[in-house]
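Undergrad: According to the numbering used here, the sequence shown is numbered sequentially starting from 1.
Please keep in mind that the hints were generated in silico from the structure rather than gathered at the bench.
Only pairs whose alpha carbons sit at most 20 Å apart, straight line, appear in this in silico SDA-like list of lysine to any residue:
1. Lys148 with His126
2. Lys287 with Gly118
3. Lys176 with Ala53
4. Lys260 with Gln35
5. Lys119 with Asp273
6. Lys62 with Val93
7. Lys176 with Asn253
8. Lys124 with Leu107
9. Lys176 with Asp194
10. Lys249 with Gly216
11. Lys124 with Ala155
12. Lys62 with Asn106
13. Lys134 with Thr90
14. Lys176 with Ala155
15. Lys190 with Gly225
16. Lys124 with Pro75
17. Lys62 with Pro132
18. Lys124 with Leu108
19. Lys176 with Ser192
20. Lys289 with Ser150
21. Lys249 with Pro210
Keep in mind that this is a model prediction, so the values were computed, not measured.
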Amino acid sequence: MKKVFKIVLVLTCTTSLFFVGCRKKETTEVDNETQSAVDNAVADQEYMSIVPATNGHAINTKGTGATNGRLMSPPACDTLAWLNRGTADTTLVNNKYLVPPEYELNLLSACPASFTDGKLRSGKWHIRITGPLKIVGSQMVLKLLNHKASGIGYACDSLVVTTVSSSTASSSYNIKLINGVCTSPNWTIKYSFDRTITNYVHGNPVNTDPVVEVFGSANGVNRLGKTFTVDIPAGSPMVKHKGCQFVDKGVLNLTPEGFKTRIVDFGNGTCDDDATFTVNGSTVAFKLK
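Work out the full structure, taking the sequences as your base and the hints as a guide.
TA: Quick look at the structure:
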């Protein structure tokens, strides 16, 4: 009897495991992780706005060597404050300044037209320029000092901007964000990227709202402590108009830790906080904030 009982018990356990295993295979995993997409947008939208704003002020500042387009008599709020005017040496050697000029932009005293997206900003930017910005290979190295936008703090080790091409219609730069950190009272987002950005100062097409187009890669840690990676294809760059708080067009591929890659679509150019992500054939709408 004992032998029979043991055999029946083994068969019963084996049969149970078989059916439990089958039920597990039939269970469909629900992938509705949107936090990484939201936090990518929170970080990316603000860091994206820094370079065109800096370039706009640099154009109106003597000694920067920025692309033509300077106002005849720009107001002080539309220029950069030259910090080391007395000690900088802008003698060029191999297209580099002997002693790079250093500038500052106080966001509280910047012209209203510097940012037209409606965000309230404070803090300062420290900017060092290695050579004339219109010359390919020249760099701007930015440090963010107590930078806040709509109550969120933005910092980084540095933001390195290298000129790729320059004309009166547009300028292209390679941008490396090194160890970016976004903070609010309740959470922290970490973010870094290596991007190519094209700034159309007169819009694309011309005589429309100034716009930036971006492609490249990024990685970060969302507010829940989960890592994520981002790839923006050159064929479908992210687009942000100067007058819009949000990225309003473009597609990126985002892969959160522990989840499959999802396609995030920012829309067709309408300025709103609506976006979607698609994964496993399902599309979910979410807000960019």
